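Quick mapping for you: the protein sequence lines, in order, are chains A and B.
Numbering-wise (full-length UniProt numbering), the first sequence opens with residue 1 and increments by one.
Numbering-wise (full-length UniProt numbering), the second sequence opens with residue 1 and increments by one.
Calculated directly from the structure, the hints in this document are not laboratory data.
Where hints are given, some of them may not hold.
Said to hold, decoys possible - Here are the in silico distance ranges between beta carbons for each label pair:
{"#": "1", "chain 1": "B", "residue 1": "K37", "chain 2": "A", "residue 2": "Q111", "range": "50 to 60 Å"}
{"#": "2", "chain 1": "A", "residue 1": "E14", "chain 2": "B", "residue 2": "Q64", "range": "24 to 34 Å"}
{"#": "3", "chain 1": "B", "residue 1": "M16", "chain 2": "A", "residue 2": "Q111", "range": "50 to 60 Å"}
{"#": "4", "chain 1": "A", "residue 1": "D89", "chain 2": "B", "residue 2": "D224", "range": "20 to 30 Å"}
{"#": "5", "chain 1": "B", "residue 1": "D217", "chain 2": "A", "residue 2": "K37", "range": "46 to 56 Å"}
{"#": "6", "chain 1": "A", "residue 1": "E204", "chain 2": "B", "residue 2": "F68", "range": "29 to 39 Å"}
{"#": "7", "chain 1": "A", "residue 1": "K37", "chain 2": "B", "residue 2": "N109", "range": "57 to 67 Å"}
{"#": "8", "chain 1": "A", "residue 1": "S88", "chain 2": "B", "residue 2": "D3", "range": "33 to 43 Å"}
Unchecked claim - On the chain A side, residues computed to face chain B include the following (Cβ under 7 Å):
{"#": "9", "residue": "E142"}
{"#": "10", "residue": "T175"}
{"#": "11", "residue": "I229"}
{"#": "12", "residue": "F263"}
Every value quoted in this text rests on a predicted model; they were computed, and no experiment measured them.
Yeah, the Cβ is synthetic: ideal placement off N, Cα and C, and Gly gets one too.
Number of protein chains: 2
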Amino acid sequence: MKDLYPSRKNTKPEIMKRKDPVIHTDRSKDAQAPISKRQLDFYEENGFLQIENFFSEQEVSEMQKGIFELQGESSDVSSEKVIREPESDEIRSIFHVHQDDDYFKKVVNDQRLLDIVNHLLGSDVYIHQSRINYKPGFTGKEFDWHSDFETWHVEDGMPRMRGVSLSIALSDNYTFNGPLMLIPGSHNYYVSCIGETPDNNYKESLKRQKLGVPDHDSLRWLADQGGGISVPTGAAGSITLFESNTMHGSNGNITPYSRNNLFMVYNSVENQLVKPYSGGEKRPEFIAVRDGAPTLSSSR
Amino acid sequence: MKDLYPSRKNTKPEIMKRKDPVIHTDRSKDAQAPISKRQLDFYEENGFLQIENFFSEQEVSEMQKGIFELQGESSDVSSEKVIREPESDEIRSIFHVHQDDDYFKKVVNDQRLLDIVNHLLGSDVYIHQSRINYKPGFTGKEFDWHSDFETWHVEDGMPRMRGVSLSIALSDNYTFNGPLMLIPGSHNYYVSCIGETPDNNYKESLKRQKLGVPDHDSLRWLADQGGGISVPTGAAGSITLFESNTMHGSNGNITPYSRNNLFMVYNSVENQLVKPYSGGEKRPEFIAVRDGAPTLSSSR
Numbered sequence: 001m002k003d004l005y006p007s008r009k010n011t012k013p014e015i016m017k018r019k020d021p022v023i024h025t026d027r028s029k030d031a032q033a034p035i036s037k038r039q040l041d042f043y044e045e046n047g048f049l050q051i052e053n054f055f056s057e058q059e060v061s062e063m064q065k066g067i068f069e070l071q072g073e074s075s076d077v078s079s080e081k082v083i084r085e086p087e088s089d090e091i092r093s094i095f096h097v098h099q100d101d102d103y104f105k106k107v108v109n110d111q112r113l114l115d116i117v118n119h120l121l122g123s124d125v126y127i128h129q130s131r132i133n134y135k136p137g138f139t140g141k142e143f144d145w146h147s148d149f150e151t152w153h154v155e156d157g158m159p160r161m162r163g164v165s166l167s168i169a170l171s172d173n174y175t176f177n178g179p180l181m182l183i184p185g186s187h188n189y190y191v192s193c194i195g196e197t198p199d200n201n202y203k204e205s206l207k208r209q210k211l212g213v214p215d216h217d218s219l220r221w222l223a224d225q226g227g228g229i230s231v232p233t234g235a236a237g238s239i240t241l242f243e244s245n246t247m248h249g250s251n252g253n254i255t256p257y258s259r260n261n262l263f264m265v266y267n268s269v270e271n272q273l274v275k276p277y278s279g280g281e282k283r284p285e286f287i288a289v290r291d292g293a294p295t296l297s298s299s300r
Numbered sequence: 001m002k003d004l005y006p007s008r009k010n011t012k013p014e015i016m017k018r019k020d021p022v023i024h025t026d027r028s029k030d031a032q033a034p035i036s037k038r039q040l041d042f043y044e045e046n047g048f049l050q051i052e053n054f055f056s057e058q059e060v061s062e063m064q065k066g067i068f069e070l071q072g073e074s075s076d077v078s079s080e081k082v083i084r085e086p087e088s089d090e091i092r093s094i095f096h097v098h099q100d101d102d103y104f105k106k107v108v109n110d111q112r113l114l115d116i117v118n119h120l121l122g123s124d125v126y127i128h129q130s131r132i133n134y135k136p137g138f139t140g141k142e143f144d145w146h147s148d149f150e151t152w153h154v155e156d157g158m159p160r161m162r163g164v165s166l167s168i169a170l171s172d173n174y175t176f177n178g179p180l181m182l183i184p185g186s187h188n189y190y191v192s193c194i195g196e197t198p199d200n201n202y203k204e205s206l207k208r209q210k211l212g213v214p215d216h217d218s219l220r221w222l223a224d225q226g227g228g229i230s231v232p233t234g235a236a237g238s239i240t241l242f243e244s245n246t247m248h249g250s251n252g253n254i255t256p257y258s259r260n261n262l263f264m265v266y267n268s269v270e271n272q273l274v275k276p277y278s279g280g281e282k283r284p285e286f287i288a289v290r291d292g293a294p295t296l297s298s299s300r
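Take these sequences, add in the hints, and give me the full structure.
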């Protein structure tokens with residue numbers, strides 16, 4: 001399949017225009033969407049959308065209990081799916097929870113979520129990746145700027161920009177505890193990065209991403225275009241949807257307040273993975289689902 | 001002189017109550033202050049005060065020009081006064097600018113500033129330390145929590161809490177570019193830290209402070225007491241005054257936006273340095289002025 005979004009192939013970075021719609025259901029059908037026209041406009045323009053109080057207090061406390069139980073059970077587990085902080089042994093992420101854990105299987109299949117992502121992607125969807133992120137207080141490290149799509153395209157063979165990430169806040173997000181930062185409007189540009197992808201790059205990149213991190217000039221340009229940096233904050237139970245190509249990152253966290261979330265990626269069933277565009281090996285199932293993923297439909 | 005605030009002497013951390021006033025001019029004389037009663041209340045309660053637009057645009061652009069000229073002139077200078085980032089060669093701070101640079105000598109002697117700090121400290125003052133801080137975009141590192149007073153007491157022999165730090169913002173401070181974070185109310189407690197101070201500790205601590213950083217439980221307790229974390233933001237030209245013992249720190253900065261400020265410490269002439277309470281050598285003049293500092297008086 002032709003590579004519409006080449007990256008890590010040249011010695012100079014390049015900024016290209018996006019070649020895909022942002023919302024894949026025609027805007028004439030806005031009235032059928034489970035979110036408002038205003039929310040759709042915001043998502044289309046900025047590449048992300050924050051919805052406060054999406055989950056009830058009861059649901060939030062169940063999910064919080066769930067993530068800490070799983071963290072406890074995983075503390076001595078030596079598995080590729082359990083990622084630890086580079087400078088300590090604390091668990092930073094647990095992957096593939098939408099299959100491995102009965103409780104989180106239910107959460108990621110929440111029909112309210114599926115109705116939204118089906119509308120945004122204009123088709124049935126499946127789960128490309130899921131994980132719980134624990135950003136501990138005091139020692140949480142920064143995560144550098146990247147477009148998820150760039151990695152999924154190069155390392156997983158995702159052909160088009162037709163995926164959406166969804167983060168469920170499971171602790172209160174302040175401006176100061178290393179929250180998600182996004183560059184509004186950046187989803188409309190693709191930064192072709194430099195560097196070549198070594199085999200098994202994911203073993204490093206899940207701890208600290210180095211490849212697929214745009215150069216400083218491109219980042220400055222994107223931020224200038226988009227009017228800066230956005231930091232959605234909000235209480236536990238809010239959700240953030242962001243387009244697969246929206247540039248994002250987070251600063252470290254020296255405050256006492258941890259930042260935890262449940263994170264999942266929905267991809268259109270019409271955007272199935274092919275061979276990685278890097279030409280290298282595909283990454284393991286727990287990072288990039290290929291086989292037998294259930295198709296998830298809208299109720300609408 | 002009796003050590004009222006012992007630290008780095010025991011193997012267990014301890015939290016003590018402050019033994020000094022916060023505002024050293026009697027509050028019955030509020031009307032004589034160059035700032036309002038409301039501002040004095042805020043400072044007394046929280047341990048810091050932010051004043052927006054303190055300097056005019058014209059003054060700000062002169063100071064901005066000044067710090068970059070000095071950075072340029074210092075790029076090849078190998079001096080203890082020029083501090084670089086731990087992982088790169090970029091200049092992080094230049095010390096002692098209130099004596100070494102004619103332009104900044106004028107700035108730190110600005111009568112509007114002196115009137116405020118004289119009132120807060122209840123006496124004539126002198127400059128204990130001055131520096132320019134450059135926090136570059138993309139690579140600015142975090143600075144861990146600390147009370148300045150703890151270091152000045154242990155390493156410089158400052159007897160009492162009767163100093164005030166003043167930061168002049170020379171770039172716009174956002175929530176996301178590694179701004180100063182303060183724990184409101186923390187100035188009312190003194191965290192006695194663990195560890196022993198080696199000779200020449202300042203050579204390390206100016207790059208990354210390790211000693212005098214409180215333990216996690218104490219920090220959590222302080223934040224719970226004070227109602228969290230405060231992040232004063234504002235345009236270039238705003239000033240932040242903070243009490244010598246207010247707990248503060250900053251996260252790293254992966255955004256394209258640098259964060260620069262001019263920082264100076266005023267100490268009461270009635271609070272002259274004695275021998276360091278660590279029992280070790282005193283630090284060099286450029287970090288802790290001892291000799292021949294001019295006395296700075298209020299105009300009021």
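Now for the hints, and whether the structure bears them out:
1. One distance hint, 50 to 60 Å for the beta-carbon pair K37(B) and Q111(A), holds here, with the actual separation near 57 Å.
2. Checked against the hint of 24 to 34 Å, the C-beta distance between E14(A) and Q64(B) comes to roughly 33 Å, which is consistent with it.
3. The supplied range of 50 to 60 Å is met by M16(B) and Q111(A), whose beta-carbon atoms lie about 56 Å from each other.
4. At about 26 Å, the CB distance of D89(A) to D224(B) agrees with the hint of 20 to 30 Å.
5. Between D217(B) and K37(A) the beta carbon distance is about 49 Å. The supplied range of 46 to 56 Å therefore holds.
6. At about 36 Å, the beta-carbon gap between E204(A) and F68(B) stays in the expected band of 29 to 39 Å.
7. The hinted window of 57 to 67 Å between K37(A) and N109(B) holds, with their beta carbons roughly 58 Å apart.
8. Look at S88(A) against D3(B): about 34 Å separates their beta carbons, and that is inside 33 to 43 Å.
9. The interface hint given for E142(A) is met, as the beta carbon of that residue sits about 5 Å from the closest beta carbon of chain B, less than 7 Å.
10. Checking T175(A) against chain B by beta carbon gives a least distance of about 4 Å; that is within 7 Å, so the hint holds.
11. For I229(A), the interface hint holds, since its Cβ comes within 7 Å of a Cβ in chain B; the closest pair sits about 5 Å apart.
12. With 7 Å as the threshold, the beta carbon of F263(A) stays out of range of chain B, its nearest partner Cβ sitting at about 19 Å, so the hint is violated.
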